[in-house]
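Spelled out, the chains give:
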Amino acid sequence: MIRYTLAMLAPLAALAQLAVRGDLVHTMAGPPIRNGVVLIRDGKIERVGPAAQVALPTGYSTLNAAVVTPGLIDAHTVAGFTGYLNQPHDQEQLDRTTAIQPELRAVDGYNPREHLVEFLRDLGMTTLHTGHGPGALISGQTMIVKTAARGTGQGVLVPEAMIAVTLGDGAKAEPGKSPGTRAKAVALLRAELVKAQEYVRDTRKDKERNLRLEALGRVIAREKPLLVTAHRAHDIITAIRIAREFNIRIVLDGAAEVHQVLDAVKASGFPVIVHPTMQRTSGEAENLSRETAAMLAKVGIPFAMQSGFESYVPKTRVVLFEAGVAAANGLGSEPALRALTIGAARMLGIDARVGTLEPGKDADLALFDGDPLEYTSHVTGVVIDGEVVSRRSM
Amino acid sequence: MLMWKFVLPLLAAAGCLAQDRPIAFTGARLIPVSGPEIANGTVVVEGGKITAAGATPAVRIPANAERRDVSGKVILPGLVDTHSHIGGVDGGDSSASIHPDARALDSINVRDTRFKKALSGGITTVNIMPGSGLLNSGQTLYVKLRDGKVIDDLMIRDASGNIAGGMKMANGTNPRGAPPRPGTRAKAAALVREQLIKAREYKDKAARAEADKKPPRDLRMEGLVDVLDGKRTVHFHTHRHDDILTALRIQKEFGFKMVLQHVSDGWAVASEIAAAKVPCSIILLDSPGGKIEAKDVQWATGAVLDRAGVLVGFHTDDGVTDSRLFLRSAALAVRAGMPRERAIHGLTMAGAIMLELDRRVGSLEPGKDADLVILSGDPLSVYTHVLETWVEGKKVFDRADPKDKLHQTGGWGAGSGDSAVHVDEDSEGQ
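In order, the protein sequences belong to chains E and Y.
For the first sequence, numbering that gives the first Met the number 0 assigns the number 393 to the last residue and increments by one with no breaks.
For the second sequence, numbering that gives the first Met the number 0 assigns the number 429 to the last residue and increments by one with no breaks.
Watch out, some of these pointers could steer you wrong.
Said to hold, decoys possible - Calculated lysine-lysine pairs in the DSS-like style (CA-CA distance at most 27 Å, straight line):
1) K404/Y <-> K265/E
2) K213/Y <-> K230/Y
3) K297/E <-> K402/Y
4) K213/Y <-> K297/E
Derived from the structure by calculation, the hints contain no laboratory data.
Bear in mind that the values here come from a model prediction, so they are computed numbers and not experimental data.
If we strip away everything but chain E, and leave its shape as in the complex, we get (with noise of 0.2 Å):
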């Protein structure tokens, strides 16, 4: 069967090569090449350098741009999860049975052909860090996928990615269910935590399996990290303390608070994906700041930037946008596409793959007819995989 369909693949690979001409190209692992050009060759790239040095081989087909980027990685969304029409059919990223499901797989629920996943990649965006979502005090696995995958297994880079947890109010059951208060969900998730450990110690060949502390197992034994969603300073600062009494590693999500605890943020040594810039400012969120990624930055802490979760109108936010505000607010242009390429990459492990554009490396780029930041610029092309899948302007 993989034989097979490999030799079917091989055909539309061998015609996916393509010189990219960019005004200005963003390498991302070094400073910007004026008219620079990029090589695409079966999928990955070749290679990289100003128009005057780099030959167009004979059969390659061109694209041009004012401005080439490598392709856009948002750090967290639910996209491919909550869909577009939200209604009750297209919604996978939470289920709210029980509060404890680490062991729901993000392959499982994820759809490639969501309208929103396509409408992303249209603007740019060519991975995604994306799954099951915040609201519930365990709610399961997150993957990466790349926003051109049609099929099954398609694209994924990562199929299991962190595990999503939710400290705060939004870790609270419905009323009159547990856990009901911050205290509760964080001894309900010790807990698990200490069956998982009692779980990875037990070396009994013919032990049960127990899915759900197969995968807290992962996050024991430091394979997999935890990704707590806290906006609150005191959660924030409960999510350190619990990774550090379990060993364990987290992503700090959200964080609307975190500019009170840049100290003890950067003393953990944990990396930040914060909340999209232009995040409501309402419940747990009422304090965050567009000046947030800028502060970060400052102070050295790791961060990406992400679409984040919407439960309503736009039901998804676009990660692009939310580096531009972040831009304007202290953070500058450069860092902010830094922040959408290879911080992005670093953060979710995936930079030997994406991120920048270098020989080796998969052929995913964004093309845009001025600053990529611009709220009146637009995405005039998008490469994933060496295939262009999109030549609108958006």
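Guided by the hints, dock chain Y onto chain E, whose structure is given.
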């Protein structure tokens, strides 16, 4: 008593200081909206009004004027938001579907920090409306974002002292539900027509009756008579193409003034809207979907409607979008093909016309209220910040003041005082 006697003269004096001495803003790039941009312009304000606006060499600055050098900056007229829910506004309740008696003005908390946030986005005039969960959720209120402590300080009154405002109506899925809400679109239209016909009869009866035999006052009917008399513009929440046409049909039958609000499918029925000569106040969202009626919403709606000859303005629907990002609405419309000057017109003059306040606000012209926004750069650039906002000659937002900047960028303490964010379109209504 002693306290008051002491404080009042002081306040009066402060008021005089701000108003009496003319202020000249010099050297800015002016976007007057009423005419072409001026690369090096000056605006003079006095007594809360604009007294001059034009190219710097052509503007005579009064000798006693306070001069403010704003070279390198951009001045726009204060922005007009034609649809917002700041102040925790509410309207009618679940006891009925039609509440022309419910007044937004009786529900607004002017200490809601979202008033400050709106100013930090350059907004100076707002139509504050009740929500769309009812066919008619009540009377809207047009306000100026003056530095006030009670709602009366913010109201806009005409020469005879009448309070300016419109009437909120809605169709489509949001107002649907269990009785007394309608279950279908046809039922929704029937309920609305029935009430408007009653109001017409109430009005006729009152006109015919002898002075001592007037029918007993009916506040609900009075609200609808205001609509029939053209004293209240109907702000009609509508998304789907057929719902837009239904709103136009009812408007034609009763002849009231109307602004279509949201108009998500407006691109599909642009020629019908243009033929009806009804203006559209649209919202630009980051993505389509979130509710079925918004599945086809697109950034190009402004461009399509404008091209068809429709008067197009924008709104925040705050908290659906954030008042601080109002300029962004125009920028996204331009991204999708709306001409730049039409989009800026949509943020200012178009809204003023829709609220029938265009003789007072919407452009930088002598005689108009001195409502202006000073920007750090081009209004459509993501990198631009609102530096100052002025209402009627008084500075009401200053980015250089840390207290004001907190409202603009957020941070510790920025959230306290917000009313719970009201999302206009309750998801139950789907």
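Decide if the proposed pair is consistent with the structure: K213/Y and K297/E, CA atoms, cutoff 27 Å inclusive. violated, 72 Å
Pair hint K297/E and K402/Y, alpha-carbon separation not exceeding 27 Å: Holds: K297/E and K402/Y sit about 23 Å apart, inside 27 Å.
Within 27 Å, alpha carbon to alpha carbon, are K404/Y and K265/E? Holds. K404/Y to K265/E sits at ~26 Å (cutoff 27 Å).
If you draw a straight line from the CA of K213/Y to the CA of K230/Y, is it 27 Å or shorter? It holds: about 21 Å lies between the C-alpha atoms, which stays within 27 Å.
Checked against the numbered hints above, the structure violates only hint 4.
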